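K.L.:
Here the protein sequences line up with chains A and B, keeping their order. Numbering-wise (this note's numbering), the first sequence opens with residue 54 and increments by one. Numbering-wise (this note's numbering), the second sequence opens with residue 380 and increments by one.
Simulated from the structure, these hints should not be mistaken for laboratory data. Certain hints may be false.
[Claimed, not checked] Listed below are the simulated DMTMM-like cross-link pairs for lysine to aspartate or glutamate, each with C-alpha atoms no more than 25 Å apart in a straight line:
no. : chain 1 : residue 1 : chain 2 : residue 2
1   : B       : K449      : A       : E91
2   : B       : K542      : A       : D194
3   : A       : K158      : B       : E418
4   : A       : K158      : A       : D147
5   : A       : K158      : B       : E410
These figures come from a predicted structure and were not determined experimentally.
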Amino acid sequence: MAEVVRREAVYALTAIIVVIMMVDFFFTIPAISAIAGELRTWATIISTMALTLGAVNIIRVHSRNVRRRAPGVWYHSAWLIFIFAFVLLLGFTDINNPSSNPVYKWIFDNAYVSLGQTWYAITGFYIASAAYRAFRARNIDAALLLIAGIFVMLMNAPIGEVIWVQIPRIGRWFNDVGQVPAMRTFLIVAAFGLLAFGFRTLLGRERGFYGEVAGG
Amino acid sequence: MGYPTTIDGILGIWTALALMLFVYSYPLYKENQLFRFAEHFFIGLSLAIAAIIAIQTTIRLAITPLMAGKFYYIIPILLGFMMYFILHRDYRWISRYPIAILVGSSIGLGMRGTIIPNILSQIISTITPPKAGADALSWFNFVYIGIGTILAVMYFLLTFEHKGPLLYPTRLGRWIIMIGLGAYYGNTVLFRMAMLSGRAQFLLQVLGLVPF
Numbered sequence: 054m055a056e057v058v059r060r061e062a063v064y065a066l067t068a069i070i071v072v073i074m075m076v077d078f079f080f081t082i083p084a085i086s087a088i089a090g091e092l093r094t095w096a097t098i099i100s101t102m103a104l105t106l107g108a109v110n111i112i113r114v115h116s117r118n119v120r121r122r123a124p125g126v127w128y129h130s131a132w133l134i135f136i137f138a139f140v141l142l143l144g145f146t147d148i149n150n151p152s153s154n155p156v157y158k159w160i161f162d163n164a165y166v167s168l169g170q171t172w173y174a175i176t177g178f179y180i181a182s183a184a185y186r187a188f189r190a191r192n193i194d195a196a197l198l199l200i201a202g203i204f205v206m207l208m209n210a211p212i213g214e215v216i217w218v219q220i221p222r223i224g225r226w227f228n229d230v231g232q233v234p235a236m237r238t239f240l241i242v243a244a245f246g247l248l249a250f251g252f253r254t255l256l257g258r259e260r261g262f263y264g265e266v267a268g269g
Numbered sequence: 380m381g382y383p384t385t386i387d388g389i390l391g392i393w394t395a396l397a398l399m400l401f402v403y404s405y406p407l408y409k410e411n412q413l414f415r416f417a418e419h420f421f422i423g424l425s426l427a428i429a430a431i432i433a434i435q436t437t438i439r440l441a442i443t444p445l446m447a448g449k450f451y452y453i454i455p456i457l458l459g460f461m462m463y464f465i466l467h468r469d470y471r472w473i474s475r476y477p478i479a480i481l482v483g484s485s486i487g488l489g490m491r492g493t494i495i496p497n498i499l500s501q502i503i504s505t506i507t508p509p510k511a512g513a514d515a516l517s518w519f520n521f522v523y524i525g526i527g528t529i530l531a532v533m534y535f536l537l538t539f540e541h542k543g544p545l546l547y548p549t550r551l552g553r554w555i556i557m558i559g560l561g562a563y564y565g566n567t568v569l570f571r572m573a574m575l576s577g578r579a580q581f582l583l584q585v586l587g588l589v590p591f
């Protein structure tokens, strides 16, 4: 009985929900549409509540670092917990519009937005060396990668047109036409992969989500 | 937007600059305490903002309807709290129920949402010829995309070994994929460098060397 409640009922619930979503798409049944709509809202609620679970988990890990006074780490963990608690408190002053709090807005604009852009741009430091490694014409595959990449880069850089006036035109061809078959293929095969994965989930063969090893 | 004139504005851009330099001290020098300070600051900040947004969404989607008389909205709220059992070894199985709803609806929506745009529309676009009177380049592009897509899809036939009659088509397919990845990577390199130059511009703006 415990096995049924802990495992089989869960797989059955997943399969029922997948079927409801599919039936809602292929048939016009008002009752099914209403259930599917509610389930979508429920899934959104659960996923947003799961987001706070992620926050709780990180705070647990860092609290442990502080309690154990982990060398070289604990003061950073304490700083993380302090910032989390402080900003959360500021947000709670007006949960519907936290930006109405000037301190929250200042931190958001000058720290969060700026750091977000900084982290995103940090890959710029590494992409030059990555490009050097990727764009070495060791064989035909790498040579094709190099040619397409160089033309697309020179198309966007003003120096490309200075080197040869046709470079932007060729670069545009690689950008607008040359990459289309590959990108279209990725979409198609990923879609088939998703369908196969979905059917495996529907049949209870895919169990990784529940903390179990995927069944054969 | 000009250079800030208020105290909080000036303090804001200099704080942003300091945090940026703390972060870039890692790639420019090596891992150090200032980098770790900025790293933990960002994680704490992002977590708090994510938690605030999650609470806002929960209030809007669950608490407000519940207060308005839709009492069955207590179920998704309880399911949301059931997720927290994932932290307890003995009662972890309880968290499987909300996960089942999340997975079921995500897979269901994903499966139904992928057939038309990612399979049918892509095939229709591939086999639709140019309009009458189109130039030679348009026809060349049509043939290249059509044959290229078929060859590239053949490369993903993983249930057969790529030899015999499949050897050359799949090799050509791999070359087509390489051209696509090269163009994509070229765009990625440029985009990342543009982001980095944006940060360099911010540095010069804060120092007053270029206008805001």
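K.L.:
Hint by hint, note whether the structure agrees.
P.N.:
Right, here's what the structure says about each hint:
no.	hint	in the structure
1	B:K449 with A:E91	holds (12 Å)
2	B:K542 with A:D194	holds (18 Å)
3	A:K158 with B:E418	holds (20 Å)
4	A:K158 with A:D147	holds (12 Å)
5	A:K158 with B:E410	violated (30 Å)
In summary, the structure is inconsistent with hint 5 from the numbered list given earlier, while agreeing with all the others.
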